[in-house]
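Colleague: Chains as they are written, first to last, in this note's numbering: chain F, 1 to 272; chain R, 273 to 540; chain U, 541 to 726.
Derived from the structure by calculation, the hints contain no laboratory data. Glycine residues also receive a C-beta, built at the ideal position from the N, C-alpha and C atoms. Do not rely on the hints blindly, as some may be mistaken.
[To be verified] Computed list of chain F residues with no C-beta within reach of chain R, every gap over 12 Å:
no.	residue
1	R54
2	Q59
3	D101
4	P144
[What the hints assert, rightly or not] Some but not every residue of chain R turned toward chain U, in silico, with C-beta under 10 Å:
no.	residue
5	T274
6	V276
7	F293
8	D295
9	W322
10	R326
11	S434
12	T440
13	S443
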Amino acid sequence: MAQNIVGQNIVEIDNLSFGYKGRLLHKGINMAFPKGKVVAIMGGSGSGKTTLLRLIGGQIKPNEGEVRVDGEVVHQQTREGIYQLRRKMGMLFQHGALFTDLSVFENVAFPMREHTDLPESMIRDLVLMKLHAVGLRGAHKLMPAELSGGMSRRVALARAIALDPEIIMYDEPFAGLDPISMGVICDLIRTLNDALGATSIIVSHDVKETFLIADYVYFVADGRVAAEGTPEDLQVSSLPFVHQFVHGEKDGPVPFHYAAGDYKQDLMELDP
Amino acid sequence: MTRVGLLVRLARTLRNIGHRFVDRLWRLGAGARLFWLTLISSGESFRRPWLVIREVYSTGVLSLIIILVSAFFVGMVLGLQGYNTLQRYGSSEAIGVLVALALVRELGPVVTALLFAGRAGTAITAEIGLMKATEQLSAMEMMAVSPVSRVIAPRFWAGVISMPILATLFSMVGILGGYMVAVPLIGVDAGAFWSQMQANVDWRDDIVNGLIKSVVFGVACTIIALFEGYDAPPTAEGVSRATTRTVVTSSLVVLGLDFVLTSFMITV
Amino acid sequence: MERTTIDLWVGVFVALGVAALLGLAMKVGNLTTSDIGETYTVTANFENIGGLKPRAPVKSAGVVVGRVGGIKFDPASFEAVVSLNIDKRYQFPNDTFANIYTAGLLGEQYIALEPGGDEINLKNGDKIAQTQDAVVLEKMISQFLYNKASETTAPAVAAEKQAESTETGDDTLGSNPLDNLTAPAK
Numbered sequence: 001m002a003q004n005i006v007g008q009n010i011v012e013i014d015n016l017s018f019g020y021k022g023r024l025l026h027k028g029i030n031m032a033f034p035k036g037k038v039v040a041i042m043g044g045s046g047s048g049k050t051t052l053l054r055l056i057g058g059q060i061k062p063n064e065g066e067v068r069v070d071g072e073v074v075h076q077q078t079r080e081g082i083y084q085l086r087r088k089m090g091m092l093f094q095h096g097a098l099f100t101d102l103s104v105f106e107n108v109a110f111p112m113r114e115h116t117d118l119p120e121s122m123i124r125d126l127v128l129m130k131l132h133a134v135g136l137r138g139a140h141k142l143m144p145a146e147l148s149g150g151m152s153r154r155v156a157l158a159r160a161i162a163l164d165p166e167i168i169m170y171d172e173p174f175a176g177l178d179p180i181s182m183g184v185i186c187d188l189i190r191t192l193n194d195a196l197g198a199t200s201i202i203v204s205h206d207v208k209e210t211f212l213i214a215d216y217v218y219f220v221a222d223g224r225v226a227a228e229g230t231p232e233d234l235q236v237s238s239l240p241f242v243h244q245f246v247h248g249e250k251d252g253p254v255p256f257h258y259a260a261g262d263y264k265q266d267l268m269e270l271d272p
Numbered sequence: 273m274t275r276v277g278l279l280v281r282l283a284r285t286l287r288n289i290g291h292r293f294v295d296r297l298w299r300l301g302a303g304a305r306l307f308w309l310t311l312i313s314s315g316e317s318f319r320r321p322w323l324v325i326r327e328v329y330s331t332g333v334l335s336l337i338i339i340l341v342s343a344f345f346v347g348m349v350l351g352l353q354g355y356n357t358l359q360r361y362g363s364s365e366a367i368g369v370l371v372a373l374a375l376v377r378e379l380g381p382v383v384t385a386l387l388f389a390g391r392a393g394t395a396i397t398a399e400i401g402l403m404k405a406t407e408q409l410s411a412m413e414m415m416a417v418s419p420v421s422r423v424i425a426p427r428f429w430a431g432v433i434s435m436p437i438l439a440t441l442f443s444m445v446g447i448l449g450g451y452m453v454a455v456p457l458i459g460v461d462a463g464a465f466w467s468q469m470q471a472n473v474d475w476r477d478d479i480v481n482g483l484i485k486s487v488v489f490g491v492a493c494t495i496i497a498l499f500e501g502y503d504a505p506p507t508a509e510g511v512s513r514a515t516t517r518t519v520v521t522s523s524l525v526v527l528g529l530d531f532v533l534t535s536f537m538i539t540v
Numbered sequence: 541m542e543r544t545t546i547d548l549w550v551g552v553f554v555a556l557g558v559a560a561l562l563g564l565a566m567k568v569g570n571l572t573t574s575d576i577g578e579t580y581t582v583t584a585n586f587e588n589i590g591g592l593k594p595r596a597p598v599k600s601a602g603v604v605v606g607r608v609g610g611i612k613f614d615p616a617s618f619e620a621v622v623s624l625n626i627d628k629r630y631q632f633p634n635d636t637f638a639n640i641y642t643a644g645l646l647g648e649q650y651i652a653l654e655p656g657g658d659e660i661n662l663k664n665g666d667k668i669a670q671t672q673d674a675v676v677l678e679k680m681i682s683q684f685l686y687n688k689a690s691e692t693t694a695p696a697v698a699a700e701k702q703a704e705s706t707e708t709g710d711d712t713l714g715s716n717p718l719d720n721l722t723a724p725a726k
């Protein structure tokens, strides 16, 4: 478990293996997420990045190995234990996942109403503060259907930080956004992380934005950590996979052609 | 086709059938598990009745129009058809009994259940399926809130409460429909209509049994709708197939349960 | 939609449902006429109860005054023992007749109580002494035919009896049915 950053780890993934029906998605993954840092998990589509977030959140159990949050092994917890752990986490889902039957205000108020006994006046203040932090205080009466993609993601971010979590997880936060919204989210992730003193885990394949804000990056390929390091290290890395990914090259360790037979043979073959 | 080819086709068909049968068994088990989970997660529904009330509005109140209009038409048709046959035996004054018994015992609970499955059941399935597809249920889980107790259980109890109410309203409006046809239209004596009905419709054997049926149908239809939504693959096609399955499965289960319940009730 | 509007509509919905249920109970069903009051139980023995079922009405002067409770068979006397649950409001004298009649021509059977003149009334657990069995259709028909036959002259009777026996080949058209019907009921 190579560690280049100083600081106590709030999440640790130890020799993790996970898969379905005989096909392993993760084969012995080791990762560490120190407190207060922004760590990114990157890799191609289908490499199991989002699944790692689910494993940390206890939604699925690993086949082998351990995921530890704050020293506790996640999959060994009771239902109550998992819920306690989750209260320290906030998650931003890929498309926001706002509750469509509740307004923006009620969406952000949801975790507060469920887990605290705060009076309504206090909840109102807190909700407006969170919305202000993401710049959407004026939109608190709108319904999710009335929001644009960028806006709904920001509301979801406000909801994710509603209870001031220690760990904030982002599932593809930049996917499908216009440049302005991307810039906004990028800035918010870093600012909120530092303001809350939290640890952020970003799953993304957006190299430019992620490298701007991440303190450390893990590259996942073939079910293993193919490379890790600070963005500066990886930018100049000579590892072929990292190079292809960072520079967006068409062909390399990840091949351009899907597995197929001989080209000439295919063309020459008569219809069966 | 060669003999080998035929055998291969046959084997494949059998394996298909076997696979589908096993799949149905699995779904039955998963559905039963969800039912059990819903029951034990119902604490929240009782502590926060507003959740249930909101769902009663969606499933019950919004189904009123279709139920009442259908009931009126069904009652009127019963009146017409019944009169047509009864007057041949000089028993046209028994039209009230015919309409009332047919509705209270059978048509009220069963037709309401079928309409409920079509209107409210599909709405529930689509809603839950969509919530699953847009990761709202996952988000709830990650916020340490059990989606079963917050989303599924309130809808279940709302369905169980709405169904008997709708079925009773169906029977009542149907009887009114039958009355409309029999008395003002055809000219059957109003007094005979009601008095024969009162003499022959028994509170316990007919009305209460009809109520019991509608509660059972409510449980069945609602849990099927909830399960199909919860289990649907999170794609557009998955959700649409799930809604179709809700209607088909609910209808078959309701009709089957109707037979079972009726056979119990008739012997008692 | 506002919280309060939904609440209102749901309240209306449930109220409608309850009202419909009450409507069904009162107007459509026989809840108002069923025995909601307290009852006392008396028994009556019959040789033949015909199609009498439990919960069949017990009427007097055509008005429902109670319900049939249970029907048992007494292996000692080979008779049917019927329990009658009579509304406490109505008292009947000790020498009341209990008859099994049929409602309408082919309707369900019920018990009709014809009061006697005794000053002492029936109490809970008493037994009604005078009963009349249900009319069995076949016996009624054979009685009718027998009556018709006995109107003509004696040889004709004998000849017809022969003819009937051979026609139907039925042994019940022998000499016994008449006797049973005209024998005093126990």
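Colleague: Verify the interface restraint on S434(R): the C-beta must sit less than 10 Å from at least one C-beta of chain U.
Modeller: Given a least distance of 8 Å, the restraint on S434(R) holds.
Colleague: Just to be careful: measuring from the Cβ of S443(R) to every Cβ in chain U, is the smallest value less than 10 Å?
Modeller: holds, 6 Å
Colleague: Against chain R, does P144(F) keep a CB gap of more than 12 Å to every residue?
Modeller: Per Cβ check, P144(F) is inside 12 Å of chain R; nearest 10 Å; violated.
Colleague: Does R54(F) clear chain R by more than 12 Å, comparing its Cβ with all Cβ atoms of that chain?
Modeller: Answer for R54(F): violated, closest chain R Cβ roughly 8 Å.
Colleague: Hint D295(R) vs chain U: min CB-CB distance below 10 Å?
Modeller: Since chain U brings no Cβ nearer than about 38 Å to D295(R), farther than 10 Å, the hint is violated.
Colleague: Does the closest beta carbon of chain U sit nearer than 10 Å to the beta carbon of R326(R)?
Modeller: holds, 6 Å
Colleague: Hint V276(R) vs chain U: min CB-CB distance below 10 Å?
Modeller: violated, 64 Å
Colleague: A closest beta-carbon separation below 10 Å is what the hint needs, so does T274(R) meet it against chain U?
Modeller: violated, 65 Å
Colleague: Should the interface hint for W322(R) be scored as holding, given a Cβ-Cβ cut-off of 10 Å against chain U?
Modeller: holds, 7 Å
Colleague: Classify the label on D101(F) as holds or violated, using whether its beta-carbon is more than 12 Å from each beta-carbon of chain R.
Modeller: Not fine: 9 Å to the nearest Cβ puts D101(F) too close to chain R.
Colleague: Under the criterion of a CB-CB separation shorter than 10 Å, is F293(R) in contact with chain U as hinted?
Modeller: It is violated, given that the least Cβ distance between F293(R) and chain U is near 40 Å, above 10 Å.
Colleague: Does the nearest C-beta of chain U fall within a distance shorter than 10 Å of the C-beta of T440(R)?
Modeller: Check passed: Cβ of T440(R) comes within 4 Å of chain U, closer than 10 Å.
Against the hints set out earlier in the document, violations occur for numbers 1, 2, 3, 4, 5, 6, 7 and 8.
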